[in-house]
Amino acid sequence: MQVFKVIIKTIRKNFHVLSIYLIVFVGFMVLMSSVQSSGGSSMFSEVKRTVMIINHDSGNVIADEFADFMKRASIPIDPVETEEEMLDALFNEEADYILIIPEGFSADFLSGSYSNALEQQSIAGSRSAVWTDMKIRKYMDLLRLYTKLSDVDVNDSEAIRALTEKVEKQMNTETVVIYPVGVKKQGNEFTAMYFKFMGYSLMAVTILGIGFILKIFNGRDFRNRLRCSPEKTSNVNIQLVIGSLCFAAVAWLVLILIAITFSYFEGIKPWIWLTVVNSFVFMLSTLCMSVVLGLVVKGENARSAVANVVALGSSFLGGIFVPQEFQSEIVRKIAGFLPAFWFVKAIDEIQGLSSFTWNNIRPIMMYMLIQLIFGVAFICVAMAVSRERSRRTV
Amino acid sequence: MVVKVSNLVKRYGDLIALDHLDLEVRDGEIFGLLGPNGSGKTTAINCILSLLSIDKGDIEVFGEKMTPSSYHLKRDIGIVMQNVAVVEELNVLENIDFFCGLYVNDREERKKLVDEAIEFVGLTEFKKFYPKKLSGGLLRRLNIACGIAHKPKLIILDEPTVAVDPQSRNNILEGIVRLNQAGATVIYTSHYMEEVEQICSRICILDKGKMIAQGTKEELKGMIRIGEKITVEFLSGRPEDAVDWMGAMPHVASVECKENRLLIKTEVGKNGLEGILSELKKRDIQTGLIYCELPTLNDVFLEITGKELRDV
Amino acid sequence: MFWRIFRYRLISNIRDVGTLFWTLVFPLCLATFFGLVFPNITSSTITFETVNIGVYEAVDYPGDPYLIENLKAAKQSENVDLFHVTQYESIDEAEDALQNKEISGYAVITDQAVLHFSGSGFNQTIIKSFFDQYTQVRSAIVDIASENPGAISEVASLFEEEVEYTKSTFAGRDKPDSILIYFYSLIAMTCLYGGFQGQKEIMHIQANQSSLAARQNISPVPKLKLFGSSILSVTLVQYLSILILIAYLVFVLRINIGDRIGMILAAAFAGCCLGISFGALVGAVVKGGEGIKVAIIISFSMILSLMSGMMQASIKIAVEKAVPAFKYALPGNLIANTFYAIYYFNDNERFYFGMALMIGISIVLYAILTLILRRQRYASI
Numbered sequence: 000m001q002v003f004k005v006i007i008k009t010i011r012k013n014f015h016v017l018s019i020y021l022i023v024f025v026g027f028m029v030l031m032s033s034v035q036s037s038g039g040s041s042m043f044s045e046v047k048r049t050v051m052i053i054n055h056d057s058g059n060v061i062a063d064e065f066a067d068f069m070k071r072a073s074i075p076i077d078p079v080e081t082e083e084e085m086l087d088a089l090f091n092e093e094a095d096y097i098l099i100i101p102e103g104f105s106a107d108f109l110s111g112s113y114s115n116a117l118e119q120q121s122i123a124g125s126r127s128a129v130w131t132d133m134k135i136r137k138y139m140d141l142l143r144l145y146t147k148l149s150d151v152d153v154n155d156s157e158a159i160r161a162l163t164e165k166v167e168k169q170m171n172t173e174t175v176v177i178y179p180v181g182v183k184k185q186g187n188e189f190t191a192m193y194f195k196f197m198g199y200s201l202m203a204v205t206i207l208g209i210g211f212i213l214k215i216f217n218g219r220d221f222r223n224r225l226r227c228s229p230e231k232t233s234n235v236n237i238q239l240v241i242g243s244l245c246f247a248a249v250a251w252l253v254l255i256l257i258a259i260t261f262s263y264f265e266g267i268k269p270w271i272w273l274t275v276v277n278s279f280v281f282m283l284s285t286l287c288m289s290v291v292l293g294l295v296v297k298g299e300n301a302r303s304a305v306a307n308v309v310a311l312g313s314s315f316l317g318g319i320f321v322p323q324e325f326q327s328e329i330v331r332k333i334a335g336f337l338p339a340f341w342f343v344k345a346i347d348e349i350q351g352l353s354s355f356t357w358n359n360i361r362p363i364m365m366y367m368l369i370q371l372i373f374g375v376a377f378i379c380v381a382m383a384v385s386r387e388r389s390r391r392t393v
Numbered sequence: 000m001v002v003k004v005s006n007l008v009k010r011y012g013d014l015i016a017l018d019h020l021d022l023e024v025r026d027g028e029i030f031g032l033l034g035p036n037g038s039g040k041t042t043a044i045n046c047i048l049s050l051l052s053i054d055k056g057d058i059e060v061f062g063e064k065m066t067p068s069s070y071h072l073k074r075d076i077g078i079v080m081q082n083v084a085v086v087e088e089l090n091v092l093e094n095i096d097f098f099c100g101l102y103v104n105d106r107e108e109r110k111k112l113v114d115e116a117i118e119f120v121g122l123t124e125f126k127k128f129y130p131k132k133l134s135g136g137l138l139r140r141l142n143i144a145c146g147i148a149h150k151p152k153l154i155i156l157d158e159p160t161v162a163v164d165p166q167s168r169n170n171i172l173e174g175i176v177r178l179n180q181a182g183a184t185v186i187y188t189s190h191y192m193e194e195v196e197q198i199c200s201r202i203c204i205l206d207k208g209k210m211i212a213q214g215t216k217e218e219l220k221g222m223i224r225i226g227e228k229i230t231v232e233f234l235s236g237r238p239e240d241a242v243d244w245m246g247a248m249p250h251v252a253s254v255e256c257k258e259n260r261l262l263i264k265t266e267v268g269k270n271g272l273e274g275i276l277s278e279l280k281k282r283d284i285q286t287g288l289i290y291c292e293l294p295t296l297n298d299v300f301l302e303i304t305g306k307e308l309r310d311v
Numbered sequence: 000m001f002w003r004i005f006r007y008r009l010i011s012n013i014r015d016v017g018t019l020f021w022t023l024v025f026p027l028c029l030a031t032f033f034g035l036v037f038p039n040i041t042s043s044t045i046t047f048e049t050v051n052i053g054v055y056e057a058v059d060y061p062g063d064p065y066l067i068e069n070l071k072a073a074k075q076s077e078n079v080d081l082f083h084v085t086q087y088e089s090i091d092e093a094e095d096a097l098q099n100k101e102i103s104g105y106a107v108i109t110d111q112a113v114l115h116f117s118g119s120g121f122n123q124t125i126i127k128s129f130f131d132q133y134t135q136v137r138s139a140i141v142d143i144a145s146e147n148p149g150a151i152s153e154v155a156s157l158f159e160e161e162v163e164y165t166k167s168t169f170a171g172r173d174k175p176d177s178i179l180i181y182f183y184s185l186i187a188m189t190c191l192y193g194g195f196q197g198q199k200e201i202m203h204i205q206a207n208q209s210s211l212a213a214r215q216n217i218s219p220v221p222k223l224k225l226f227g228s229s230i231l232s233v234t235l236v237q238y239l240s241i242l243i244l245i246a247y248l249v250f251v252l253r254i255n256i257g258d259r260i261g262m263i264l265a266a267a268f269a270g271c272c273l274g275i276s277f278g279a280l281v282g283a284v285v286k287g288g289e290g291i292k293v294a295i296i297i298s299f300s301m302i303l304s305l306m307s308g309m310m311q312a313s314i315k316i317a318v319e320k321a322v323p324a325f326k327y328a329l330p331g332n333l334i335a336n337t338f339y340a341i342y343y344f345n346d347n348e349r350f351y352f353g354m355a356l357m358i359g360i361s362i363v364l365y366a367i368l369t370l371i372l373r374r375q376r377y378a379s380i
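Protein chains in written order, with numbering that gives the first Met the number 0: chain U, 0 to 393; chain E, 0 to 311; chain W, 0 to 380.
If you're looking for bench data, these hints aren't it; they were derived computationally from the structure. These numbers were taken from a predicted model, which means no experiment stands behind them. From the three backbone atoms N, C-alpha and C, an ideal C-beta is built for every residue, glycine too. Among the hints, erroneous ones may be present.
[As the list claims (entries may be wrong)] With a straight-line Cα cutoff of 27 Å, these simulated DSSO-like cross-link-like pairs (lysine-lysine) come out:
| # | chain 1 | residue 1 | chain 2 | residue 2 |
| --- | --- | --- | --- | --- |
| 1 | W | K286 | U | K12 |
| 2 | E | K228 | E | K306 |
| 3 | E | K64 | W | K286 |
[As the list claims (entries may be wrong)] Simulated DEER-style distance windows between Cβ atoms:
| # | chain 1 | residue 1 | chain 2 | residue 2 | range |
| --- | --- | --- | --- | --- | --- |
| 4 | W | L27 | E | D57 | 23 to 33 Å |
| 5 | U | A301 | W | N207 | 28 to 38 Å |
| 6 | W | D173 | U | K70 | 21 to 31 Å |
| 7 | U | F279 | W | A366 | 50 to 60 Å |
| 8 | U | E324 | W | R373 | 51 to 61 Å |
| 9 | W | Q375 | E | L293 | 21 to 31 Å |
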């Protein structure tokens, strides 16, 4: 049990370094959950775009009806006061498009001056600008058609309202679209994000912790002294493996409990247990990777440098911080060589689950298996490295 | 008087590190500050250098009161600290030039001084080495070179030989004597009494923050009653029986028995060896080994504190 | 004397690979990761690209001859077509093309148009939008004709003129791009990592923190002179690190962070001072070993980077929304927002405010430090 005790003491001594990652992890959780409760938009909205409509011509039928239409057709964003706030909103992608209806717009429209009658702020040439411009043009073209061709009294607001209603009615005419069946439903993004982020903290903590342990047990003098002791080498190795595993498992348990606690507030989905299993598998492969890194990298500074670069690098490339679907084909191919990539892929797959059929679960099992294969590969490398080393130095 | 410390008191919380300490270091001497670990040697040095705040007392260097901003005094002091204090990222030459540069502005002069210092400590071959690549002994020598390169009038060496191999140690000690011969006053602290005995002209013994003795080696040894220590190995007869009659002999201060040996301490100035030998012969006691030793500083320390210097 | 110490501190700082890893190499690594991951983000800021669409006209229905014409003629802007149209001879061909992702969708035109998509996305939305409009206008004309048959003749003339209903009043200096949040945050993190350098320099001159410092305190060089030359050298090294990072972002990763070079250099310098003075203060005030100080600096910079959006841009947005004062109160956000102001705002008010704050905080921190460093004797070493 002596070896095991040394492992526990090592970890306890270096706890303050490891706790930094725990703090960052909890910080992330708190921040992410506050993002959600404050209703911030997720960055990548689907078909509809966020539009901020500022109506300076309210009280006039055309402006009001148009504003209402735009609100229904988009994801409306609360208007802000100042020019600066508008710029902020655009930059932060809270609003993809800011539509300003100037004073006197309704009257101008009826008198026949449409050109450049509306003001907009958006990213020129962007998809969202194209989309919103199309919506506006559609409505305005129809309204122009109706106002031109039916003789209405410009002062008769009722008659004008009848026209806008006709326009709306026409706008509801939709083209028939045939979609393939079984489009995936979106799960709870935030819970998935918690579990993904947990992968980052787990990597950082495990690589560092195993580094601390291996630093001691790979020191030449220490190893030789152990060899001279009556303790069997196999016994030492078994204790080493169990100790490392215990450490990684405790780190995993702490992180997973935090993740589950936060998820609890978002509402736990049945698939969460599959995610827990997935993260356990990831822990195993990370542990194996840490052993390789711990054997190869020397020196205190280099160790924490490598831990940070590998953890952050895997997280960015593997899709922990930035969704995989937004990465280029090449990056995704490179990332395929990282266990983190398959860890995230499994979470995404689990998130999209609609039912627990074998067909649905099979790819998830595949991804977990790939992570385990990575683990085995790492173990082989570690064994090769340590055998080579023990042959060279006594 | 180069350094004059009077009535110095320094406390760390409840612990009294220096207890009304008085020191006088005279021009041109090698002054040894001897004491076991934790006796307050380094604290005394740091107080003299104004690094530590003091609770009571006066410190004068070169006849002036020492304060943290006595820069003109600091200019003439060289210090070799107990812990190696060199810049990791600078090589040997650069390190010495850096520290020397804190004292000497003139570039030409400094270059000369640095070269001399490197030569002095024998690091000529290691000029371009970084501290990490130096062995313990060489690193100590670099540490010394950094402290003395600017040719200070007063050199303070705080345990410069800790963890140094015997060969390097001798090298260092010889160097210190040479520095002294070149005109520098030296304060040397150590817990190795042999070193202090070897090179110091005057010695102060510290224990638990108190000065317990001060003077030349001879003066210190004169303070105790022992003149010589004589050890006699008995090949016949029981040494225990001899304790009484031996103790009654003239000039014998004390007698102790250890296994088959008798340890006899004689009074100062009078050598009783002849008398002891004839008495042994008279009683027909077969003796093996017989040898005399002069008292060491350890005996002084033992006599005053009742414990051995080495044990502490 | 001052410049000699400065020179040697400079040499030491440049050779101190351990610290330079954190202040230079690590940010460059992260920048590379960002560069790899972000250029392909399909957020709403992505530029519109012509949509590939397939059309199959059923033979037995005489379709609307103008529909395909209109599809081909539709433009997103002066030079960019909305659609690239491919006509297919059979539905199977079109379906194959759809499965091979050659087209985003295809329309089967009988007496009405039916759209076939393989999923829902932006391109599909654009296609549907176009067909919707087409149907709607047709249905509107029928509607009007039933009430006012005489008006029909005017319809054609109405659609002759393409009306641009909106005009842009966008007042930003440059294109909004939320991806930049990540890069600003990275610059902020690099500035804050200067804290390691500041802490290191304090350790080198506070006699109770290292024997090297004690050794220098005994020399005839006043402490504030030591401090001044040390901080100056470390500021230079750290400033160069930040500039290397910015150069890497601009010239290698081709990130557009604005063209006002003078302001960028100034903001980088202010951020650099902020980070170093923060670390130096931690070094001087916090009791305990170097490990604890470094841990504090790491934790702070990591959390501040997190708040300024390094791992999720939405975190920055949410944090600043919840407490608007955090835009300037959190050092990471302060640095990031100053760079943002350079890129995005014509009005320089935000930039000057950010600069004033960064420099002001640094001055205050340095003033406190000077007071602490004036104490020259220590209770214990």
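Comparing the hints with the structure gives:
1. W:K286 / U:K12: 18 Å, holds
2. E:K228 / E:K306: 17 Å, holds
3. E:K64 / W:K286: 31 Å, violated
4. W:L27 / E:D57: 23 to 33 Å: 57 Å, violated
5. U:A301 / W:N207: 28 to 38 Å: 29 Å, holds
6. W:D173 / U:K70: 21 to 31 Å: With Cβ atoms ~29 Å apart, the hint holds.
7. U:F279 / W:A366: 50 to 60 Å: Hint holds: Cβ distance 53 Å, inside 50 to 60 Å.
8. U:E324 / W:R373: 51 to 61 Å: 58 Å, holds
9. W:Q375 / E:L293: 21 to 31 Å: 46 Å, violated
Consistency note: the structure conflicts with the earlier hints numbered 3, 4, 9.
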